[in-house]
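Q: Spelled out from the first residue to the last, the chains are:
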Amino acid sequence: MGWPGLIAGVLRHPIFLALAAMALAWALVAINTDIDPGPPEKPEVTIVGSVSLDFSDADSGGVVVTDAKSGSEIRRYEMGEGSFVRGVLRTLVRERASRDISGQPSFQLEMTSDGGLMLVDDDTGYWIALEAFGPDNYREFRAMFDSARALSSQSLQGSDQT
Amino acid sequence: MFWPAIVISITSWWLLTGIALIAVHQPQRRRKAVFIVVSLIMMATWYVIPSNVVDNSPLASAVGFLLGLLIWAWLEISYLLGFVTGPNHKPCPDGASGWQRFIGGLGTTLYHELAVLMMVALLVWFSYGSINTTAVNTLIVLWLMRWSAKLNLFFGVRHFNKEWLPSHLEYLVGYLRIDRASWFLPLTTFIGIVATTTLYQLGYGADEVSQQLSFYLVGTLMLLATIEHLFLMFPFQEEVLWRWAASDDQSVESSSDR
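Chains as they are written, first to last, in our numbering: chain A, 1 to 162; chain B, 1 to 258.
By construction, these hints were calculated from the structure, which means they are not laboratory data. Hints may contain errors.
Said to hold, decoys possible - Counterexamples of contact, computed for chain A against chain B with all Cβ distances above 12 Å:
1. G2
2. W26
3. S52
4. D59
5. A68
6. D100
7. D123
As the list claims (entries may be wrong) - With beta-carbon atoms standing in for the labels, derived distance ranges:
8. A:Q108 to B:E238: 53 to 61 Å
9. B:M118 to A:D122: 40 to 48 Å
10. B:G82 to A:D122: 53 to 61 Å
Bear in mind the structure is a predicted one, so any value in this text is a computation, not a measurement. Note that the Cβ used here is the ideal one computed from N, Cα and C, for glycine as well.
Work the whole structure out from these sequences, hints included.
A: Next up, the structure:
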């Protein structure tokens, strides 16, 4: 048996085939590890205002949104309500879970100079541009933003008076 | 990640089983060297474990699977080489009752089983509350399915390839029942099938690629362990799979140096 025969013999050997299949599978896993892109780059926009919102689970499947600064409740979704808000939260929370960040999430709701809203998780760097999901969904978050702003201006006035 | 998991699981199982068979069929003069090599590998494994359990990437899942297999390989090889066995090295006395056979059989492997429990406990401790539990899940599947297989060998199986036992452990055969299967064999095989489907379902429903891979790897291992239970029920001639590792020449060599 010459060299070609020997090489063909090695290539056909079950152990070689197993090792080749194994190398291919590990390569696929390694590629999948490398393409985890991390958070997307934030767009070049001017942030004109920002509020901190805490999101917590209420009893029987509800979600409570509170203004992080004052601690007052802004919005409450009962079970079955606010599916868009829940979807947005789930996307951000999934990234927290994959980084082993526990605790109730607190996100920044930022308003850009052209009136757009972004929900930002400073812990993971992930963010979602909310106007991209249609006016109804945008309004939902816009209402939260306005309530939180109103609360903070109230507390500002309050501190002015004292 | 289903197909990579299947391929990694099956090829690792096949190759590592073969390497373990080669290792334990080495002649007496080489056994110590083999034991030192696998012990060094085992220590390196424990060195990697702490960084692996906190890494949530698909690669970390695959590496965790391999780490679990390597810890198991040390347990298995140290036993089959005769370094970690038990207080009892005598063949089973003729006419022993079931209970005597159980105690005697347990005595042949007691230190090994305690080592298994210790390593499982240590890995559970390392992995508790960590994000990547692939290594500990792998080890737990190997541990439970091996105990199930051993209990089956005690209660009774229809088929067992005793030629694979190294010659210095041939006295173990007396503690086994190889004439007929007990009720325990179909029961444990069924539990194995249920566990396999559960693990595959968890993999299918997992959000993340790394979790998916982790469950598919451990699920496939559970599938292979279940198939090994079937080997105890029917003569599949599965020894063909590892003839390259435990050839007749080697068993002749090892039986001559008794």
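Q: Now, for every hint given, state plainly whether the structure supports it.
A: Each hint tested on the structure:
Every beta carbon of chain B lies more than 12 Å from that of G2 of chain A, the smallest distance being close to 24 Å; the non-interface claim holds. Not every C-beta of chain B lies more than 12 Å from that of W26 of chain A, the closest at about 7 Å, which undercuts listing it as non-interface. Every CB of chain B lies more than 12 Å from the CB of S52 of chain A, the least distance being 27 Å, so the non-interface label holds. Consistency note on D59 of chain A: stated as away from chain B, and its beta-carbon is indeed over 12 Å from all of that chain's, at 25 Å minimum.
With 12 Å as the threshold on Cβ separation, the claim that A68 of chain A sits away from chain B holds: the shortest Cβ distance comes to roughly 27 Å. For D100 of chain A, the condition that its CB be more than 12 Å from all CB atoms of chain B is violated, with the nearest at approximately 5 Å. In this structure D123 of chain A is separated from chain B by more than 12 Å, as the shortest Cβ-Cβ distance comes to about 15 Å. Checked against the hint of 53 to 61 Å, the pair Q108 of chain A and E238 of chain B passes, with Cβ atoms roughly 60 Å apart.
A C-beta distance of roughly 43 Å is found between M118 of chain B and D122 of chain A, which places it inside the suggested range of 40 to 48 Å. The supplied range of 53 to 61 Å is met by G82 of chain B and D122 of chain A, whose beta-carbon atoms lie about 59 Å from each other.
The structure is inconsistent with the numbered hints 2 and 6, although it conforms to all the rest.
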